[in-house]
Structures are given as structure tokens and as C-alpha cells.
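Residue-level listing of the chains:
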Amino acid sequence: MSIKIGKKTYAERIQAGIDNAFMRQAVSSAQGRFRSGRLKAAEDLGDWEEWRTRGEEIRSHTMENLDYYLHQLSEQVEKRGGTVYFAKTAEEANQYVQKIAREKEAKKVVKSKSMVTEEIGLNEALEESGCEVVESDLGEWILQLDEDPPSHIVTPALHKNKEQIRETFAEKKGYTGSDQPEALAAFAREQLRQDFLSADIGVTGCNFAVAESGAVTLVTNEGNARMVTSLPDTHISVMGMERIVPTWEELEVVVSLLTRAAVGQKLTSYITALTGTRLESEVDGPEDFHLVIVDNGRSKILGTEFQSALHCIRCAACINACPVYRHVGGHSYGSIYPGPIGAVLTPLLDGYEDHKDLPYASTLCAACTEACPVKIPLHEHLIRHREIIVERENMGSKAEGVMMKGYAKWASTSAAYKLSTKMAHTALKPWTEDDYISNGPGPLKGWTDSRDFPAPARQSFRSWYKQREKRRNDG
Amino acid sequence: MTIHHRESFLNNIADQLGRPRRTEVEPPEYSVQPQDRVLAGATADELVDVLDKQCEVIHTNLEKATVETLPEVLRTVLEGYDVRSIAAAAGPRNEVSGLDEFYNRLTGEGYEVHVWDEHEGRHNVEFAERAGAGIVFSDLTLAESGTVTLFNDRFNGRSISLLPETFIAIVPKRTIVPRMTQAGRLIHAEESKGNPVSSCVSFVTGPSNSADIEMNLIVGVHGPVKATYIVVEDM
Numbered sequence: 001m002s003i004k005i006g007k008k009t010y011a012e013r014i015q016a017g018i019d020n021a022f023m024r025q026a027v028s029s030a031q032g033r034f035r036s037g038r039l040k041a042a043e044d045l046g047d048w049e050e051w052r053t054r055g056e057e058i059r060s061h062t063m064e065n066l067d068y069y070l071h072q073l074s075e076q077v078e079k080r081g082g083t084v085y086f087a088k089t090a091e092e093a094n095q096y097v098q099k100i101a102r103e104k105e106a107k108k109v110v111k112s113k114s115m116v117t118e119e120i121g122l123n124e125a126l127e128e129s130g131c132e133v134v135e136s137d138l139g140e141w142i143l144q145l146d147e148d149p150p151s152h153i154v155t156p157a158l159h160k161n162k163e164q165i166r167e168t169f170a171e172k173k174g175y176t177g178s179d180q181p182e183a184l185a186a187f188a189r190e191q192l193r194q195d196f197l198s199a200d201i202g203v204t205g206c207n208f209a210v211a212e213s214g215a216v217t218l219v220t221n222e223g224n225a226r227m228v229t230s231l232p233d234t235h236i237s238v239m240g241m242e243r244i245v246p247t248w249e250e251l252e253v254v255v256s257l258l259t260r261a262a263v264g265q266k267l268t269s270y271i272t273a274l275t276g277t278r279l280e281s282e283v284d285g286p287e288d289f290h291l292v293i294v295d296n297g298r299s300k301i302l303g304t305e306f307q308s309a310l311h312c313i314r315c316a317a318c319i320n321a322c323p324v325y326r327h328v329g330g331h332s333y334g335s336i337y338p339g340p341i342g343a344v345l346t347p348l349l350d351g352y353e354d355h356k357d358l359p360y361a362s363t364l365c366a367a368c369t370e371a372c373p374v375k376i377p378l379h380e381h382l383i384r385h386r387e388i389i390v391e392r393e394n395m396g397s398k399a400e401g402v403m404m405k406g407y408a409k410w411a412s413t414s415a416a417y418k419l420s421t422k423m424a425h426t427a428l429k430p431w432t433e434d435d436y437i438s439n440g441p442g443p444l445k446g447w448t449d450s451r452d453f454p455a456p457a458r459q460s461f462r463s464w465y466k467q468r469e470k471r472r473n474d475g
Numbered sequence: 476m477t478i479h480h481r482e483s484f485l486n487n488i489a490d491q492l493g494r495p496r497r498t499e500v501e502p503p504e505y506s507v508q509p510q511d512r513v514l515a516g517a518t519a520d521e522l523v524d525v526l527d528k529q530c531e532v533i534h535t536n537l538e539k540a541t542v543e544t545l546p547e548v549l550r551t552v553l554e555g556y557d558v559r560s561i562a563a564a565a566g567p568r569n570e571v572s573g574l575d576e577f578y579n580r581l582t583g584e585g586y587e588v589h590v591w592d593e594h595e596g597r598h599n600v601e602f603a604e605r606a607g608a609g610i611v612f613s614d615l616t617l618a619e620s621g622t623v624t625l626f627n628d629r630f631n632g633r634s635i636s637l638l639p640e641t642f643i644a645i646v647p648k649r650t651i652v653p654r655m656t657q658a659g660r661l662i663h664a665e666e667s668k669g670n671p672v673s674s675c676v677s678f679v680t681g682p683s684n685s686a687d688i689e690m691n692l693i694v695g696v697h698g699p700v701k702a703t704y705i706v707v708e709d710m
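Residue numbers (this note's numbering), protein chains in the order written: chain V, 1 to 475; chain S, 476 to 710.
Hints were generated in silico from the structure; no laboratory data involved.
Treat the hints with caution; some may be incorrect.
[As the list claims (entries may be wrong)] Quick look at which bits of chain S chain V covers, simulated, 3 or more residues with Cβ under 8 Å:
no.: 1; stretch: 507-515
no.: 2; stretch: 575-587
no.: 3; stretch: 597-606
no.: 4; stretch: 612-626
no.: 5; stretch: 630-637
no.: 6; stretch: 661-671
[Claimed, not checked] With the C-beta cut set under 7 Å, the calculated list includes, among others, these residues of chain V facing chain S:
no.: 7; residue: S74
no.: 8; residue: F86
no.: 9; residue: T89
no.: 10; residue: Q194
no.: 11; residue: S213
no.: 12; residue: G223
no.: 13; residue: N224
no.: 14; residue: L274
no.: 15; residue: G303
no.: 16; residue: F306
no.: 17; residue: L348
The beta-carbon is built from N, C-alpha and C at its ideal position, and this holds for glycine as well.
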């Protein structure tokens, strides 16, 4: 896999998403639960806005000094017996991991969930060099057996129901049990335990590296990442170069933000910080550790107006808040990074050419920006993307051109943006009915074919959402 | 060579940021400190209460004991889980808590008890893989999240808290702190003094779980399925 998934056009993907009734219901219910989990966790914690400010300050300080912290990290990893490989491209990263696999004569590689390895297509590269690659996260394992891409960055198999999963297990692994989630998980536990014990290499991503000590931190619930890093003799961690914090004091803040924003947990079951190789007196853990630090287009974002997109901590809160994702699902984005952050990041990493529709997969309602635990101005980035697509690349339609020119001008300051959404409300008034646009003009037309479209908010998204929930409940 | 392609990679980052490479950075001054206010000023007993309540959320059973009653409480817990084989962490705390004697007694009664022994190498892992329960000591306990912090080392192998179906943590009351903030601060302070952090720090919060199938919470996936913390008042 690479960052781009599938060959279907944007319109075809959207239609497939809309036609998939189970997926739409599953996404919608998941969003509701993720969202209430996040809000409850934020409320329990208290001072959520201050936490977000702290998170933003940490991320922006780190990005401004990224060369310094990556240097410090590599020194520390080396001190603790590890090897560090800086990979400019996906190919370089894959070739390095292939080289390690060859040196180790590895037959089996067991992996814990990692977005960056999906992004660079590491599994295919390892398979090409003759390794069996086993994904061990329950959701990822299901997708791997079914050769299906992920549709959500936290729960990748969200689009599948338990009957489909039972069928996959039966067909691919000879499973004979029921479709009860507990039974399915117990089967996965039993099957994968053998893989953990027999694998030659464990591959993980990295949620956050800690520059001061050289630790690689993994945030998980299932325990598979601990297996992957405790049992095989070699551990390879692949990290996006921006996934780093200066010290353990910053680590705990971003971890607290991540677990709350992602799943509403105070902490996940396992936060595991691994530093270098096991010590001489230790029995489990790797005797050989490699950290692969991947650029793959990230450095092009540094120093630009999109720099804060690199602040992302991959919590998916924006995805869970997005009304467009709710209706079209993750695969519609045609990228392993779906939702608002995917629509911002994918064109930056992979170019506008293949992803010029993504910045339009948004209502600009700003729910994403409001949900982001490190305050990335996602909807402003989307507006800026649209402006670039329309004006510089001339890839947009004429109607979009006219509309976006105005939007970009209005949206350039936050006060002006507020004014613009107010004006949009007035401008759209003739088509709204109980504040829902049933048949919008111009570019909205495509969307309103398939759904009620929320009118740009007069109030905050939160009060809009409350009304919407009420409307739904009232039938 | 153990660091590859670093200079060109980092030079490019500095170029993109439009400045020369930075070789020194002042620690940032942050404008807000919300983490310091969480459970600030809570007494040790109040922290136990917070931990107790959080354990309900994380599907973890919490027991209370003193050094004197610990063997008896632990026995009840093991019997409750119907466990007859135990992988246990080694180290001086077994003596302090009286667990070493207790383990001897259990062995006499036909239990299989393996106390981690670095000299036995891979056998430790193999035993843990078939053990019914793993018993470890918490190094630092985070009340807010119900988290046991393990600085894995030669006494406390990673497998003990990972492979057996049941996870039992002995939590000395004085290890309980408000939240992860205190753990981060402690490790940062030690690193700054030149005491390198353990090769594996495991923050363990209850049993393993997943919501990957239709968003249903499944307790017990790859790691332990059941968990008990035993808070020891006077240890």
C-alpha cells in the first residue's frame, strides 16, 4: 500500500461509500461514541482549552527545532545500542528494512499497527523480499486477511461487520466459531500468539520518540505492540520524522491529549516506552534495535503556511467530528489518511494531482479545528488548499473558482472567517428549510443529492450538533 | 556506523525552516501548566480512593492489604482466578513483602511458581507463556488513570506482565502519585542527572482490550484478559 489507495475516482468512491448502508451506520455510530468519549474525557480532565494550548505550544516548539531534536534523539538511540537510519524517501526506508531482513535471514515479520508503514508500503516491500508479514492489531489483521485498506486511523476495520469478519476468519483461517466479538478476538489471540513467538523481526511505528532519552513510545490497547517488541530478537521502529517530543515532561502531555482525544480514555491499556536494545542482564526485548526516521515529503511542509499540519498526533478526533466523513466513510478519501487531517495532509505529501478533490470533502464547518487537541486550524488549511488548487493549479471548476476566490479572501483572518460564515448563511437562506439545505446551489449540489447538508453555522458547531441530534431523535 | 544519512537529512530540515542548523535550544517556556492542578494536594488515602474508582472503569479488581495480610489476600485472588502456575518478578521486594516465603509455601502445595531468573534465559519467557498469572510490583502508580508503571529490568522481565492470562500488580501505597505528570517529571529528572531510563517502561492500565469489531469493547485480546491490583498499605 502507499498513501494513495485504489484506482476509483473520487465520485465513484463517494458513491460506493454512500451506497454502503452498514458502513454509514457503523461510522455514524462510531463517530457518536468517539465524540462523546472525547468530550467526557475532556470534561473529566478539566481545563481542556489549557491542555490544548499546552499541546499546541509543545508541537510548535518541536517543529521549529526539529533538526536539533532529531539529532539529539539519534545520539541517544546510538548510546543505547540502537542503529538510526534517516530515510529521505519511502524507497530508502523500505530498502533499509529489506536489508535488515536479508541480513537476519528473516522469514516472518510481525507488526503492530502503524500508519507510516502503510504510507511507505513496507509490507509489500518485505513480501517482495520473501518475508511473511503478519499484522497483529486485531483490526489490521482482519484487513490483511481480506486484502482491504484501512478506513479509519484508530479503528481501521470500522467498515466491516462481525458477520463479514467471521466469514473472513472461516475462509482464510478455518475458523468455526460464532460471530460474537469475544469469540472472534479469542481466535485472533490464539492464532497470533504463535506468530509473536516465532517471528524473527518485530516492526512497529512510533507514536512519539523522546529526544532526551532516545525512547520510542507506543500507545496501544491490545498488547500486540508489547508482544512485537518483547519477543522477536530484532525490533525495527519506523517513525514519521515529526513524531517526536523534547523530553518526558512533554511526552506525558501529548500522550494524555492523544488517548483522550482518540478514544476518551485517560490512558490506553499500554503506553510502552522502549529505549535501544535490551540490557545484558535482560532476557526479553530485542538484542538489535533499528530506528528508521522517514521524511517522505514531510520536510516540504516545513517553513510553509501548512507547517502546523505536522503537529498532528494522529488521534482522529477531527475524523470523528467530521460530518462529511460521517456520510462517506474513510475509503472515499482514496488515502490512508482520511477525514479532515487526511484532506489537508494527503495533497501535501502526495501532490495535488491525485488528490485535488480532497479539500472539497469538507463543509468548512470547523468542527475539525474545534476537536483538534493540538489546535491545528484544519478548516483554514482546507480553504487555503482550495485557493491554491483553483488559482495556481487551475484544476478547479469555474463555479468553484468564483466561489473560492471570495472564500479565501474572507477566510484570511479569523474575524473575516466568522463574517464569511455569517454571510454564507444569509446567502444560502432561500434553500434552507429548518436550517438544513435540501437542494443547494452550485458545488453543494453533488452533496445534497445524498444528504441533508448543514447550513453554515450561525452558532457554534456544538449547538448546531445538539439541534441536529434532537432532529434525528425526533425522527 | 550506527547513524546513517543524518547530516543531509537534518541540513534539509534546517534549509526548509529557512535558518542554519541549530545545535543548541533553550527549553521552552510554556504559558500554561494545567497538568499540575490535577489532584493537586490530594492525600495518600484520597489517591487510593481515586485509584479504586478508576479500577472499575478499566475492568480491574482492586484489593487492599498490609504486608502481614498480603499472602492471604494474594491467595484468595489466585484461587478466585483458579490459577495454579505463576510467573513472578524477582528482586529485593519479594523479601520485604514476604512473598518469597509465600511462594515457597505455594510450591510446597503443588503450585508451579517461577521467579524470574536472568540466568535461565529464554526459559523465563517460555514459563510465562504457559503461566496462569504474572505477578509484578508497581514502581509508580498513577491514580487518575489507574496505571501501574513498570521499569522493566533484570528482575522484572517484560513477559511477566504480558503473556499470562491474569495480571496481578502489587501496589505499595507510597508508589501512588496523582497522574502521569509525576512519572514524566521523575524520568526527566533522572535523565537530566545522567541516570538513563530503563530499556522498557511499561505503563499498564488494566487488562488488554480492543474495540476493533463493530466498536464493541472486548476485554482481553493479546495481553492479559484479567487484572487485579493489590494495594499494600505499609510497604
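Results of checking the hints against the structure:
1. 507-515: holds (count 6)
2. 575-587: Check failed, 0 qualifying residues.
3. 597-606: holds (count 4)
4. 612-626: holds (count 5)
5. 630-637: holds (count 4)
6. 661-671: holds (count 5)
7. S74: holds (5 Å)
8. F86: holds (4 Å)
9. T89: Violated, about 11 Å.
10. Q194: violated (11 Å)
11. S213: holds (5 Å)
12. G223: holds (2 Å)
13. N224: holds (5 Å)
14. L274: holds (5 Å)
15. G303: holds (5 Å)
16. F306: F306/V check fails; min Cβ-Cβ to chain S is 12 Å, beyond 7 Å.
17. L348: Given a least distance of 13 Å, the restraint on L348/V is violated.
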